[in-house]
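Protein chains in written order, with our numbering: chain L, 1 to 55; chain Y, 1001 to 1147.
Warning: the hint list may mix true and false statements.
Label-pair restraints from in silico Cβ distances [as the list claims (entries may be wrong)]: (1) L/K19 with Y/E1027: 33 to 43 Å; (2) Y/E1027 with L/G45: 36 to 46 Å; (3) Y/V1136 with L/D26: 31 to 41 Å.
Note that these hints are calculated values from the structure, not bench results.
On a predicted model such as this, the values are computed, not experimentally measured, just so you know.
Just so it is clear, CB atoms sit at the ideal spot from N, CA and C, and this is done for glycine as well.
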Amino acid sequence: MKKIEELNKSKLPIIKIDKSLGKYRDKVLFKEKVEKANEALKSVGLPKVLQKSKA
Amino acid sequence: MLLPRYELKSDESLTVFEFVSVGRKGEIPKIVQYSETNLKDFYNLGFGDKDLQTGEVDDTVISDNGDGQKVLATVAATVYAFTDKYLEAWIYATGGTKSRTRLYRIGLTNNLDEIIEDFELYGQREGEWQEFVRGVEYEAFLVRRRS
Chain L
1 MKKIEELNKS KLPIIKIDKS LGKYRDKVLF KEKVEKANEA LKSVGLPKVL
51 QKSKA
Chain Y
1001 MLLPRYELKS DESLTVFEFV SVGRKGEIPK IVQYSETNLK DFYNLGFGDK
1051 DLQTGEVDDT VISDNGDGQK VLATVAATVY AFTDKYLEAW IYATGGTKSR
1101 TRLYRIGLTN NLDEIIEDFE LYGQREGEWQ EFVRGVEYEA FLVRRRS
């Protein structure tokens, strides 16, 4: 795991740590989107490259 | 070339990000959340406006704040941050509506050369995942950091 300081370089954004956002950690804010993602991943499956590597 | 983007806040898990869009409609707080799906290492990218009074988020509202490119660049920056911590993560993203998905596709297309340096990128089309190419419409996108 990288430190936050290391993340604030190059293409990586500068991130200010705000512990108050931890209140969202165990809460799904976009439930409908996650349900749709689950449906799509179930019906469409994985990319072929991944299917091969998992076979 | 790095596009202008907003300053990001996150908690230590780097799964929830917050930033403030500043434009013609004023200041609009935005939330980006990476949520686990039923598949291991597959996450959904959720993104929407935060209502400061209720704390609720809305991913259907059209902000029309005149800073769409900067907002998308900021969301893209969270993908870098998230996948830098969760190296094996696949990220699923869709706009929810055709027009919003199209906006995402345009954003990906405009920055495709830079994106594919760092990410594998697929589009969902005709019931399968296809390698993303310019000029093709997709229903959703799947991205993973190159190892």
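Taking the hints in turn, this is what the structure says about them:
{"no.": "1", "hint": "L/K19 with Y/E1027: 33 to 43 Å", "in the structure": "22 Å, violated"}
{"no.": "2", "hint": "Y/E1027 with L/G45: 36 to 46 Å", "in the structure": "41 Å, holds"}
{"no.": "3", "hint": "Y/V1136 with L/D26: 31 to 41 Å", "in the structure": "37 Å, holds"}
Comparing the model with each earlier hint shows a violation of hint 1 alone; every other hint is respected.
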